[in-house]
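Peer 1: Now for the letters of each chain:
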Amino acid sequence: MKDQPVLDVRGLWKVFGPKPERAVGSTLSRQELKERTGCVAAVRDVSFTVRPGEVFVVMGLSGSGKSTLVRCLTRLVEPTAGEILFDGADIRQADERRLRELRRHRLAMVFQHFGLLPHRCVLDNVAYGLEIRGSARPERYKRAREVLELVGLTGFENSYPDQLSGGMQQRVGLARALAVDPDLLLFDEPFSALDPLIRREMQNEIIRLHHEVGKTMVFITHDLSEALKLGDRILIMRDGALVQMGTPDEVVGAPADDYVRDFVSDVPRSHVLTLRWIMREALPDEPLDGPELAPDLVIREAVHTVLSADRPVRVVREGELLGVVTSAEILEMIAR
Amino acid sequence: MITLSVPARLPARRYLAGAIVAAWVLGHALLAGRDTLALGGAELTPLHEGVNEAWDTVDDNRNSNPFFLYFVNYIRLILDESVKFVQALISQPSFGRPVPVLGWLGVVALAAAVTYIFGNIRVALLTVAGFVSFGLLGLWAESMDTLALTLTAVAYSLAVGIPLGVWAGLSGRFNRFVTPVLDFMQTMPTFVYLAPLTLFFLIGPASATIATMIYAIPPAIRITAHAIREVSPVTLEASSSLGATSAQSLRHVRLPLARRTIVVGVNQTIMAALSMATIAALIDAPGLGKTVLKALQTLDIGAAFNAGLAIVIMAVVLDRATTAASHRVETQRRTGRLRSVFFRRVEVAVALGIAAVLGYLSYTYVWAAEFPAGANIGSYVRRAADAASVWVQDSLSGFTDALKNVITYGLLNPFESLLAGSPWWLVFAVGVGMAALVGGTRAAIIAAAGLAALIGLGLWQDSMVTLAATLVATILVMALGVATGVWIGRSDRADAVLRPVLDAGQTMPAFVYLVPILGLFGPTRFTAIIAAVVFAAPVAIKLVAEGIRGVPPATVEAARSAGSSSWQLITKVQLPMARGAVALAANQGLIYVLSMVVVGGLVGAGALGYDVVAGFSQHQLRGKGLAAGLAIVVLGIVLDRARVRPRPERTDSG
Ligand SMILES: Nc1ncnc2c1ncn2[C@@H]1O[C@H](COP(=O)(O)OP(=O)(O)OP(=O)(O)O)[C@@H](O)[C@H]1O
Ligand SMILES: [Mg+2]
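Respectively, the protein sequence lines represent chains S and L.
Numbers 1 to 336, taken from UniProt numbering, label the letters of the first sequence in order.
Numbers 1 to 654, taken from UniProt numbering, label the letters of the second sequence in order.
Derived by calculation from the structure, the hints in this document are not laboratory data.
Just to be clear, a hint being listed does not mean it is correct.
Across the chosen pairs, the derived CB separations fall in these ranges [unchecked claim]:
(1) Val181(L) with Gly53(S): 52 to 60 Å
(2) Asn158(S) with Gln506(L): 34 to 42 Å
(3) Asn120(L) with Lys34(S): 50 to 58 Å
(4) Pro268(S) with Arg493(L): 57 to 65 Å
(5) Ala558(L) with Ser62(S): 42 to 50 Å
(6) Glu35(S) with Asn120(L): 55 to 63 Å
(7) Gln31(S) with Arg176(L): 31 to 39 Å
(8) Ala558(L) with Ser47(S): 53 to 61 Å
(9) Phe71(L) with Lys34(S): 48 to 56 Å
(10) Asn158(S) with Ala583(L): 50 to 58 Å
(11) Thr247(S) with Thr555(L): 38 to 46 Å
(12) Pro268(S) with Ser171(L): 52 to 60 Å
In this text, a Cβ means the ideal position worked out from N, Cα and C, and glycines have one as well.
Turn these sequences into a full structure, and let the hints steer you where they fit.
Peer 2: And the structure:
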């Protein structure tokens, strides 16, 4: 069945400090815990699943534990408690060899500060993952050239990282991760070190790659617009704990608490929310012969149709009338 | 140093210290000459005799005791043979031939090829010039002996030091274990390893190699560990996220990224080795050091200068060559690799080819094997240096005598008579009291134990004489260090001019400092003090300058805007804020001074230095010499208040 999750995380904890096991299950706030035990609970009781082909975004403010969470997934940071089922097998139970095999073949990570090898040219950087798993030189160079083309760096094979711009360096980082053809790609704030224009370009690049290669991705960011743009689903963390998980329009339309509400307050809601969020039941006397729109249509794209129609717009899915939308709802949404 | 560390906030302590000094002076006036524990030059205590006997026992059993038979003697054999092998290649007649395998032409060509391949054409030319000048000075064989010893010791030092450094870089626990050991190895005056080494390894190349390694390994370990530890964690994490084993990460990430810094470590190792290889002349190490030593002992200024010059040239060549190599590592990947690999291969092949051809010539033909005797200008250099020394001593005698007298009568004599002329128990009480005042109970215990050890070693008075010279030299170093350091710290121009001089000064082997100063002042204890000041000043100046530069510009600006004069700025803001650096400078200065004051035993400084040297040459004094070496170590520890601080790594002078 298609919906067997790629990744199933259950009750994950990561506590830094002396005797970390003691802090697991504690309900004290991070601050109190720190004062009482000297431990920092970077990740506390986080559970989620990632479905095949999905872009799963984790976001939160600085220090909320995002990096720690994503590192726990490949055990670059050893989790303190919980389960991480990858294709049904618990990564935490894997021994050294098995873990290495997983990292070499199935998971790959892209880092905020690239982590390139300055003494190697681009081609050798991209081929590094293949080299350490023992593939022969012609083979790994062939693959490295393929992915360099995929990320648009053909012609730079022999450059050195310090001769490239930040955006290009991150493309190398991306190519290095793609080269091993992993089942799951992990990104830890890959674009925060880039300036805004390049960042947008790289985001589009990710969207394009996602279409082309269809990899499952876990993407860490602290930038909400990036999260909304890339994410199929978003997990919001605060002080190590999960506060909300849902699709972009769920997060914006129904923030779980003030923290999330604060987060999403600047987002132009009409760009994210769909008609589903503003439609209402048709009144008994309303004419139901207006234009037809789908409930998943983003409001912004429905504005023209709704405002120019002289009667309520019907929201219909598979022939079933779900509700209606009129200029009043649109204007109220935009005015808010 | 002692007064410097008195916290300014506690005037009571100052008065207490003043009272102690006053009591001391009073006690000295009343009791001078009593209970001074003097011991004549040839006199021995039972301890010294006991050591002699033990030494004889060791000598008798050298070839029967299993520890020696299966361990010590093997090491000695391996090291002796290694040095002899390199000597056979470049410096001594060998394999039944009247000349070494490679004659001068071959050595010059090989050195040029190596420096060209690892460095650049400029250092290759410098190397040619330097090596040819060894021949011109008439010191070809001696220079090659020194080079052979240095290179052998460097090879072993790196073979041991780099792996240990990698280990220390990877393992925090091992690092915590080696750091104090390295600190100790580096704070011990170089002089003192020699005697105990000869006990085990006899006089000769093996002891010299080990002594050199003891001195040269610490920088190799420290800098390698530092380089390995400093590798970007981001890159390492990326590597392990791709499933690299730790061995793969070491090989593909850590070592390549650490390479440039490790080459800096190699540079430091080579310079330290050269410095020690010359001092090891005291235990009969072959080479230039021996020439200098002989000349110093016969007060032959000209010959000492000539050989000293060759040592300086060798230091410059080795330093420049390794510095160029480290720059090459840096630039290689930007430009070098963009050039074709093919071109580089051709270049290397041509350089080695030329070296091979010239090497063959020097193997075959006498003219290329032995440096032409006609081109020897050594005798001119010697005579010129002699003449210059005589002229300087004659015409500057007004000035040098005045300096000598001021320091001798103003500082040295009072210190010496207070320390060495008072009853031992008085000095003991004063020392422990001062230590308690300055450093608390811990320091007092260390001082008491150290002073007691000096008495036990039977060398109380000699130790006090050496201590007086050390303190005087340290005071002078600090006066010079603070004045010049403040100047350099405040003026970019002074920094630009003086820093290269200081860097060069730090790379010079300790031995050569004695020569020009001996030429200026003749053989007295004063010469040793000045040599120590010159030797220790660069490190003190640099530390003070760094401290002054470290004062935040905002603070300086604020003081200026409040209307401080330059003098107020220096005394009220910059120096107090740089107090840590000044204290460190005093500490380091002291260690450097101590090691040089002892070497001064060679040129008339007497006391512990003389005891050590005499122990090398006279059979019945070797027990005493060993005790004197220990006394120096004890002095060093007490002066350092057992708070051993890492000696700042010598900075890359390029
Ligand atoms: N190695 C560590 N030892 C101790 N505490 C740590 C360690 N790594 C992270 N922490 C703590 O864990 C918490 C979460 O850190 P983490 O780096 O995961 O946050 P983040 O959400 O990625 O923040 P940022 O956006 O700044 O990258 C922080 O409070 C941090 O101080
Ligand atoms: Mg982070």
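Peer 1: Please flag the earlier hints that this structure goes against, numbers listed from lowest up.
Peer 2: 5, 11
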